[in-house]
Amino acid sequence: MSTESSSTVARVLKPTILILIAIVAISSRLFSIIRFESVIHEFDPWFNYRTTQHLVKNGFYDFWNWFDEKSWYPLGRVVGGTVYPGIMVTSALIHNVLHFFNFPVDIRNVCVFLAPMFSGLTAFSAYLLTKELKDSSAGLLAAAFLGVAPGYISRSVAGSYDNEGIAIFLLVFTFYLWIKAVKTGSAFFGLLTALFYFYMVSAWGGYVFITNLVPLHAFTLLLMGRYSNRLYVSYSTFCAVGTLLSMQIPFVGFQPTRTSEHMAALGVFGLLQLYAFAELVRGYIPPKQFRTLLRGGVVAVAVIASFGLTILSFSGVIAPFTGRFYSLYDTGYAKIHIPIIASVSEHQPTAWTSFFFDLQMLIFLFPAGVYLCFKELKDEHVFIILYSVFASYFAGVMVRLMLTLTPVVCVSAAIAYSTLLDTYLETSEHVLASTKPAIAAAATSAPTVIEATTSDSKATGKKTAAKAAAAAAAAAAAKSTDAEAKAHAKSAASSEKKRFPIFNLDSRLLVILQLTWFLFMFAWHCTYVTSGSYSSPSIVLASRQQDGSQMIIDDFREAYYWLRKNTKEDAKVMSWWDYGYQMAGMANVTTLVDNNTWNNTHIATVGKAMSTSEEVSYKVLRHHDVDYVLILFGGVIGYSGDDINKFLWMIRIAEGVYPNDVKETNFFTPRGEYKVDHDATKTMRESLMYKMSYYRFAELYGSGNAVDHVRNARMPAEGPTLSVLEEAYTTENWLVRIYKVKDLDILGRDLKDSTAFDKGRVRKVSSLKKK
Amino acid sequence: MRLTTTTTALVATIIAALSLTSSVHAEEFWSEKDVSIVPQTFKITNLLRTLDLSKPIIREITSAAVLNTHADQDQTDYYFPVDHAYSDNLAFISAENRKTKEVLEVTKDEEFYDPQFQYYKIKLATPLPPGEKVQITVRTSLTNIIRAFPTHVGQAEKQKFVFFGNPFALTAYPATKQKTTVITPNSVLEVHEHPEEVDLVIKNNQVILGPYNDVSSLEHGIFEVQYELSGAIPHIRSLRREIEVSQWGNNLAVEEHYNFVNRGAELKGQFSRIDYQRNPMGVREGNGALGFQTMIPKLARDIYYRDEIGNISTSVIAHHPDHIQLMLKPRFPLFGGWNTTWYIGYNTPLDGYLRKIAGTDKHILKVPVISPMPDTTYEDVEIRIVLPEGAKNVKAVLPYEVDDIEYSTTKTYMDSAGRSTVTILASNLIEDHAQDLFIEYEFSQMSYLTKPLAAATMLMAIYATSIVFSRLDFKIGGSTLKKQK
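Protein sequence lines, in the order shown, are assigned to chains A and B. Those letters in the first sequence? Residues 1 to 771, per my numbering, in order. Those letters in the second sequence? Residues 1 to 485, per my numbering, in order.
With the rest of the complex left out, here is chain B:
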C-alpha cells in the first residue's frame, strides 16, 4: 500500500465528514455491526463486483451467485441494500439474470425499513427452488459521488479525483467469497482502505480488493482511491423540456432549456486566452469542455441554439442515417466550476411519434424522456407536454418512477378552451433514463374544427362590430346643424 501524507490528511477529512453526516460517532462507526433485517433465505456463494470509475458517472456491477438456503420454500424476492448516504447519488438501478439475460423487476422496498439502508426488491422471473442457485447481476449508476482533489487546478493541468466507498460489496446476505475490481481511466495514484487487514493489488489502472472470504451481511469499511480523470464533469442543474403536439400541422415542436455547470476541479486563478490559444486541446485534457454532443431526430428542421442574449453561432450539425448529431459549442470554453445556460429547439413531423388506435378516438404519443448527452447528469428535469386543444382523458405512462406528474391546461395561440398539458418532474437522471414515455389521450375528429370555428367567430365578431360602428353617428348635434343649413 502506498500511503503518503496527503492521503492521511485526506482520510482524516473524509472521516470527519462522515462523522458529520451520519449520526454515529467515528469509533462506533467501525465497531458497530449492522444486521440485515430482510428474511435470511439466501446465501451468496460467490460475488464479483466491478466499480467503473473511468467516467464521471460511476457504474457498479454486482454479480452474485445466490443460493436458496430455505428448507422448503421457493424464493422469488432477492433484496439489494443501498446505504442511505448514497440514496441521492443512486441514479439508476437495474437487475438481470446473468445466465438468461432476463431483465428482472426492481422496486424500492417499503416493507423492511432500516434507518441506514434502503432495500431494493428484485423479483426473480422464476421462483428459485431450495438448494438451487441463480446468478443475479445488479447494475447501479452513482452520480455526483467523486470529488476533485486538489479542488483547484490550473489551465490545462491534469485534474484528479477521489472516490471513496465501501471495500466490500454491500449485501443483505452473508457471502462466502467476494471480490471487488476498481477500474480507473488511467493509472491509479493513491489507494487507502480501512480495515487494513487485507492486501490489495494494484495493476495499471485497476485496483483489486479481496478476495474476501466469509463476509457477513452489510459488512462495510472505507476505501478511497485517487485517480486522474480528464475533461469536464458535465452536470445539468435543470432541464426544462417543452414538447408541443400539433395534430393540425402534423408537427412536434421541442424546446429544451439547459442550465449547465462543469463539476470538475475549479480553475485556479483566471483564464488566459494566450495560453489557451497555444494549446486549445489542453482544455479537454485538463478540467474543461469545448462543447457537447446531442442527438435529435433525423427529420428535425428549424433547429436553433440560443441563450438569454441571442443566437449562439457556433454549432455544427452532422446528418447521420438515423439521427442528426448536434455539436453544441458554448460561447466560451467551460472550465471546472464554470456555468452557462442555453436552449435548443426544433420541429419534427409528428408521424413517428403519434399513433391513433383504429376505430377509437384514442391516441398514443411516444416521446423520449430526455435526449441524452453522454456522461451527463441531470439534477432537476421538468418535461411539459402540451397536447392539442380538445384532448381529453390524458394519462402519462412512464418507464420508471418520477417525482411528480401534473395535469393542467395551457393557453397559447388562438386557444379558446386551452390545451391539456402534462408536466413531469424528475430528478437525478442520466443517459440510461433516455427511454420512451407514453401519453394516452382522446382526441375526436370534431376537435379539428375547434380552431377554425373559433377564428371564424372572432372575425365575424370584428366585422359585425365594424358594421354597427360605421352606421352609428357620433357627431354631437350634427343632424340638427344640417337641418338648420
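Chain A extracted, bound-state conformation:
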C-alpha cells in the first residue's frame, strides 16, 4: 500500500472514528432516559432548568434583570446577577435556532440532551489537544477515553443539566487553544483562547482553574528561561482580552481585579511586560550597564509590588481568599468554620477507591503519560505536567473536582497508550517506510539490473530476482540492496528518537493482546459504572419487587405536584435547603432557603425552626410567614438520605448562629449516641423535626412494632403529638411529609392548649360513653 493511499484512508477514517466516538459518548449517557424518562435530574439542574424556562419565555433582558421573589423568602434573589448564565444561554440559543427553523423541540428536551451533546464536543477537543502534544492517533485514543470515562460521565448524563455539562468541553477546548496559541505565537489563537475563556467564565465557577493554570504555565516557562515572543503575544492577548471579557459577567464583575484568586493572572501579565521590556532594553544597551539596570529594576519592582499589594490587601481593595478556597488547602477547615460547605457530600475529600472507580486503567497510565511528557518537555508538555499536578491535588481534596482531573488523565493516558502501541505495533510499517527510499537508491546505483526487477514492486522484485539465477549480477545487486536497506532502516530508526523496534512476534502479540484486553475491560467498566451508579435521576427511585418486576417510587414528584396544584399561589414552604431548587422548579412554590446557600444565617434560621421545640419554632415559622413545612422521611421504606439523617448538620449550622437556642450535645444520649428510639433525648423528642418525622408513624404498624427501617430502631408505641402543625400531605411511601402551619387560635389561646382542649373533650366524651 502506498503512503498516499494510506493517508487518504486515514483522512476518511479519522472523522469517521471521531463521529463514532461522539455517538458512543452521547449514547452511553442515555441510560436514564431509556430506563426512566426524559427528565431533569438531581437538585441544581432544576434551578438551571427553571431559569432557562424563564429565559426562553421572557427573553434575555428580562432574565438578566430577573428578581426571583419565590426563593429566599423574604429576601428574594437577584438571579441575573448571581448565576453563571452560560448554560442557560446556550440551551436557549439552541432552542431558538431550532424554533427558527420550525423544529418545535421542547426546551426540556434541549436541556436534558445538552450535556451528552457537549460530551461529543469534549471528546473532539480532547482529540485536538492530544494531537498538539503527540499525534493524531494519540488524539483519537484520548477522545475515546474522555468520551466514556466515568469521571466525566458522572456530571454529564442526559438530564444532568448542570454547568459542568458544558464547562468541561470549554475547559479542554480553551486549553487546546492556549497550547495552540503558545505554539504558534498567534494573536488570533490568543484571542480565541480569550473568547472561549469568556464562555467558560459565563458557564462555571471552575473558570478560576484556567485563570490560575494558564498564568502558571507562562510563569513556569519564564522560570525555565523559555521566554519567547510567541509566549508574549499569546499570553498578553489572552490576559488582556480575557480579563476584560470575564468582567462582563455580572456575577464575576470586578472580581478579576480585586480578589486574590485572580491576582496570579495579572501578576504574570505584569511580569511578562517587564521581561519583554528588559529584553527590549538589552538590545540597545551594552551588557554591563544592562546588568546594573536590571538589578536596580528588579529591586525597585519587587519593593513597589510588595508594598502595593500589602496596602491594597489591607485596605480591602483586594479581597482575601474565600472560605471555599481555604477548604482546598485544608480539608478540615470547612468542617470547623463553614459547616454548610462541609455538609455537602460532593465537597468531601475523595476516597482513593473512587480514582479507580472513575478512571479505571487510565489512572495507571496517567503517570506514564506524564513521564513521557517530561521526556519531550516542549512548552505544551510543561502545560500538561502542571495541569496534571494541580488537578491531581484538587481531585484529592474534593470529590467533585475529579471532573477537572479526568480530561488530563485521559490525555496523558492516551499519550502513554499510544506510545506503547507505537513501539509494539507501528515498527513494521516504520521499517517498510524507511526501506523504500533505500531500495530506490540501490536500484539507481546499479544500472545493470535487468529492467524487470526494477519495474516490479519491492516484494515481488526480490522474489523474481532470486528466481533469475542466470543473472548473477542482478542477484548480487539484489543482495546488496537488502543489506543496504537494513543498514538504512537501522540508521533511520536510531536517528528517530532511538526507538528500537521490536520484531519478535511473540512479545509484540503478548503486549498488544494485553493492551486490547485492557481496552475491553475499560469499556466494560465504564458502561457498568455509568449504568449502575451515574444514571439514576434521583428524583425517581426504582426498586425491585419480590417477583423481579420494577417498582417505581415517585414520592418526590407526588408531593411536589400536590404542592404545585393544591396550595395557594404564594404559599411559602419551608424545608431544608437541599430541596429548595426542586421545590421551586417542580412545585412552583416560594421557598425559604435553597441550594444557592448564599445566606448562612437564613439557613441557620431554618435549622433552628427544625431543631427546637414547637413553641420556639412556631415563632420562627410565623415570623417567616411559613404556610407549609416539607420534610423527607425514609423510615418506612428505608431511604437513608432523609432529614433525620441530615438533622445533625441542621443542628450544627443552627448552633453556629443561634448558640443559645440550639446545642448539639443535647441531641446525643449520655453515651454519645444519636438515637431516635426510646433512648432519644428529651431535646430530640421535642424537636420539630423528630415530631414531624414520626407523627403517627407508630400507628402504621401494630402496637409497639413500629420500626424505623433506616436507623433500625424500634419506635415507642406512643408517637409524638403536634399542636402547632397539622399533617397536610404524606406521600404513598411516606417519603415526603408536608405539614401545614396552623393559624393562631381564634380564641387567642395557646395552640398547645387549644389542641389539648379539643382532644380532651373527645376523651371525656368517649370515657363517659364507656361508663
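Some hints could be false.
[What the hints assert, rightly or not] Here are the simulated DSSO-like cross-link-like pairs (lysine-lysine), alpha carbons at most 27 Å apart as the crow flies: (1) A/K183 - B/K268; (2) B/K395 - A/K568; (3) B/K101 - B/K179; (4) B/K395 - B/K356; (5) B/K101 - A/K740.
[As the list claims (entries may be wrong)] Selected chain B positions facing chain A (Cβ under 10 Å, derived; list incomplete): (6) F149; (7) R278; (8) T314.
Honestly, the hints are just simulated from the structure, not real lab data. Note that CB positions come from ideal geometry on N, CA and C, so glycine has one too.
Starting from the known structure of chain A, fit chain B onto it as the hints suggest.
Leaving out everything else, chain B in the frame of chain A:
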C-alpha cells in the same frame, strides 16, 4: 314532608341567592305569572318528567303527549322553554318521537325572545294535523347545577348534595296533567318545595311530585332535595386536544391536555395518609377519586401519560376487542376541591380516519370531538387539527353548534409553507358530545413531494455554501507572504 331547621336555613339561602341573580324581587317572584309568547297551537294532555340525580350530570327526560289545538293548520314547530338561569348549565338537548324513536331536529330559537326564557324549536318529522296527538320526548343534560351541602366533609365521610329546581315541568303550553319523578342514587334525605299545596311522595330513592292537574304554561315554583352522592364530581376546566394528521407517515397523532378539578364537597381539614391507608376505598365512598378511565383507539401505540414535571408512572392499559381502556391514576388521590393537570398522547394509523374521495383531491377526515370520560363535564374545549402541509380549501363540519371555528396555519418540523390548521372552540361539553366531526380538505398528490423537495433544496444549499467557502481564502496577506518566501 320532612322539614328540619337546616332545610329552612337552606331554603332561605337559596331564595336569597335567587333574588340576587334574577332582577325580580322575592315576593314578585312568586306572584308574577309568566306568559308564553310562542303561538299557543298545542296543548299538553299528559306529561311525565324524570329527573335523574344519580350521576353528577343531571338528566332530565320530559315526555309529553301533545295535541294540536289549532283549528285547521298542521303544526310542525313545537317549542321547549329553558329558563335563562339554566342556560349555562344546559349542556345537551335532544328530542325524539317517542313512538317512532325518530330523532327530531332541535334548534335554538331566535324568533321569540323572552328575557327570562330561551325557547328551543323542535321540528316534527311529519306535520301534525289538527286534533292529532304526538308523543315528544325531550332529553336535557344539566351540568354544574348541584351543590355540595355541607360544603366540607372529612376524609371518607359521605358527601351530600342539594339539587334545587322547578317542581313543575316547564312548558310553553298549558298541561292538563303532569308529574315529575326525581331519582336519587341512595335514599332521599330531605325535600322541600314551594308552593306547598301539593303533597309529594317519597319512595326509597324516589321523590314523586304531583301529579298536578291543569298546569298553566311556564308554571314554576321551587323544589329542593338533599341526597347522598359518593365519589368525585369530575370537571375538566380546560381541555386542549391536538390532532396532527400525517399522510406521509399514515399517522394520526393525538395529544390531550387536561386541567382537572374535583367539584365535590371540599376536604375538611387536611389529608391523612394513615387514615387513607387504612381505608383506601373510603376515598371513593366519600368525595374523592383515585383515577379516571378513558378510551383510546384499538391500534394506538406510543401511549404516554405525563404532566408538567414528567411521566406519571401509574397508568394501566387494558386491551379490549375494539378499543384500549386507559386507566389513568393521578399522582395523588383527588379529594373534593383538589386540582391536577395531565396530558396523554398516542399515535394511531390514519387508515380508519381519513377517506379520499376517488377521482378527486378531496379528503375527508373523521375524528371524535372528544374521547369521553364518564360523568365528566368539560368547561372549555379547544380542538386543534393540524392537516398535512399543502392541504387546501379546508372546511370543518360539526354535529352541533360550537363557539368558534378558526382556520390558520402552523409551522412545524421542516415546513416551508405551513400546515392548514382548524381550531374549534367549544364549551360545556359532556359525554353526549363525543360524536364525530368532519374536516374536508383538498390535498393533491404533488403535495407529497413538497417535503422531500424542501429538504433536498436545504441540503443542496448547505453543500453549495460549504463548497464556496472551502474555496475562499480568508488569510490576511497569506498569498503575498508565500510569494516572498
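Sort out whether B/K356 lies within 27 Å of B/K395, counting only the CA atoms.
15 Å, holds
Taking only the CA atoms, is the gap from A/K183 to B/K268 under or equal to 27 Å?
At roughly 75 Å apart (the allowed maximum being 27 Å), B/K268 and A/K183 break the hint.
Take the shortest C-beta to C-beta distance between B/F149 and chain A; is it under 10 Å?
This hint is violated: B/F149 lies away from chain A, its Cβ roughly 22 Å from the closest one there, beyond 10 Å.
What's the verdict on B/K101 and B/K179, does the C-alpha distance respect the 27 Å limit or exceed it?
Given that 27 Å is the threshold and the Cα spacing comes to 22 Å, the pair holds.
Under the criterion of a CB-CB separation shorter than 10 Å, is B/T314 in contact with chain A as hinted?
8 Å, holds
Pairwise hint evaluation, A/K740 against B/K101, where the allowed Cα distance is 27 Å at most:
57 Å, violated
Hint validity - B/R278 Cβ closer than 10 Å to any chain A Cβ:
B/R278 check passes; min Cβ-Cβ to chain A is 9 Å, inside 10 Å.
Hinted pair, alpha-carbon criterion (27 Å max): B/K395, A/K568. Please report holds or violated.
43 Å, violated
The structure shown violates the earlier hints numbered 1, 2, 5, 6.
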